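Heads up: the sequence lines are chains G and W, in that order.
Note that the working numbering has the first sequence beginning at 1, numbered continuously upward.
Note that the working numbering has the second sequence beginning at 102, numbered continuously upward.
The hints are simulated quantities; they were obtained by calculation from the structure and are not laboratory data.
Treat the hints with care, since some could be wrong.
With a straight-line Cα cutoff of 30 angstroms, these simulated BS3-like cross-link-like pairs (lysine-lysine) come out [claimed, not checked]:
| hint | chain 1 | residue 1 | chain 2 | residue 2 |
| --- | --- | --- | --- | --- |
| 1 | W | K178 | W | K382 |
| 2 | W | K312 | G | K85 |
| 3 | W | K178 | W | K312 |
| 4 | W | K382 | G | K85 |
| 5 | W | K178 | G | K85 |
These figures come from a predicted structure and were not determined experimentally.
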Amino acid sequence: MRLRRRDDRVVLSGEVDFSSAELLAEALRRMSAPEPATTTTTVLDLTDLRFIDVSGCRALVTGTDELRRTGGRVTISGATGHIHKVMTLLGMDRIAAVELQ
Amino acid sequence: VTIPASDQANERYVHEAVFYESEEQLVATTAPLFRQALAAGEDVVLVCSEAHNRAVLEALGDDDRVLVLPRPEIYTKAVSAVAYFRDFAQERVSAGATRVCVLGEVDFGSDGRALDEWRRYEALLNHALSAFPVWSLCGYDTRVMDQEVLTTADLTHPFVRRGGVQAVNPVQVDPAELLRVADAALSPVQDREPTMTIPVLDLHELHVQVKDFLAGAGMALEPADDFLIALHEVAINGLRHGEPPVTARFWDAPGRIECTVTDRGVGFDDPFAGYVRGGGKELPEGGFGLWLARRLCDEVVMGRSDEGFTTRLVVDL
């Protein structure tokens with residue numbers, strides 16, 4: 001699993017499962033802290049994400065709780081067909097202030 | 102006992118089998134109910150054969166408030182069909198609907214597994230829609246349907262309507278019991294040696310071996326990924342909630358991949374587990390792994406065995 005900032009996006013790549021989920025949530029909390037100078041929408045780029053399980057998806061939600069509670073929005077972009085299907089089945093597209101592209 | 106339609110508005114979910122002998126009888130039975138519903142500002146939805154959709158619509162004067170849903174896309178498998186109507190009801194209620202009246206002609210096909218799937222669907226509706234103001238009228242044509250299908254209708258609906266007269270159904274069976282029976286018909290007992298057996302210790306190792314196995318069986322990449330996440334979540338359930346050791350076994354059967362995940366614990370007995378997505382606007386702990394497995398596999402059955410607790414996953418190739 002690798003999480004890094006690239007320009008205005010947060011790029012998540014590799015594989016995420018329950019063993020790395022808590023780490024991901026914590027890293028997201030730090031990385032997505034709202035900065036007044038920047039946009040209030042955080043784009044999570046999953047283009048290079050190969051695997052994510054339910055715990056990993058939950059980490060994307062809990063790791064951005066604070067950000068979304070304070071008016072920020074999260075856009076999930078670049079998910080592969082399989083990952084997009086999993087996220088839709090989990091209802092990620094219905095979570096408050098989350099857009100699943 | 103006959104329940105006047107006007108009293109039903111106080112109920113939440115009403116699940117009713119409508120038995121009819123002809124198109125004329127179906128129309129004569131349902132059109133007056135729908136006229137009344139439309140007059141009361143309620144939603145009317147049709148999910149029937151094209152001919153019956155047309156006949157009922159015509160009797161309602163082609164009222165453009167009536168919605169027709171795509172029947173073949175909905176009745177694919179029980180878990181998906183139930184989810185469809187749950188999401189639909191939620192959407193309509195959010196849009197202000199006071200009640201949603203659905204006339205559906207259920208159709209899961211006629212192959213070997215179809216009847217079990219049919220029974221699951223009708224039994225699950227009672228559970229999955231219980232909190233919604235929905236009136237499901239399930240149409241059963243007594244001239245053309247198999248006796249087994251008509252019996253399924255009798256066992257699963259709290260209300261029945263014969264000759265246009267509604268009555269409480271005295272022979273309905275507890276939905277949980279019906280689901281157990283349907284699952285028992287698919288009990289996870291394999292009479293052949295598995296093609297591959299993997300002790301589940303390291304999930305990464307499991308992924309690598311299963312991907313190889315699925316590629317060798319000729320499964321395309323995306324279905325293989327779908328199966329892998331289902332297996333992954335079931336394996337995690339075994340590791341977290343079961344007793345070690347956890348074992349995954351695979352059978353490369355003609356046209357399908359079968360897999361069992363067994364732990365040495367006593368497991369659990371909840372025939373509704375994983376059939377309804379929890380959540381809402383958040384993604385809370387618990388239940389989502391099995392839900393994913395049910396949505397992504399063609400068959401998911403759980404049960405106790407001499408060895409412990411086994412979950413069986415099947416995907417058609």
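> Going through the earlier hints one by one, which of them does the structure break, listed in rising order?
Replying inline: none
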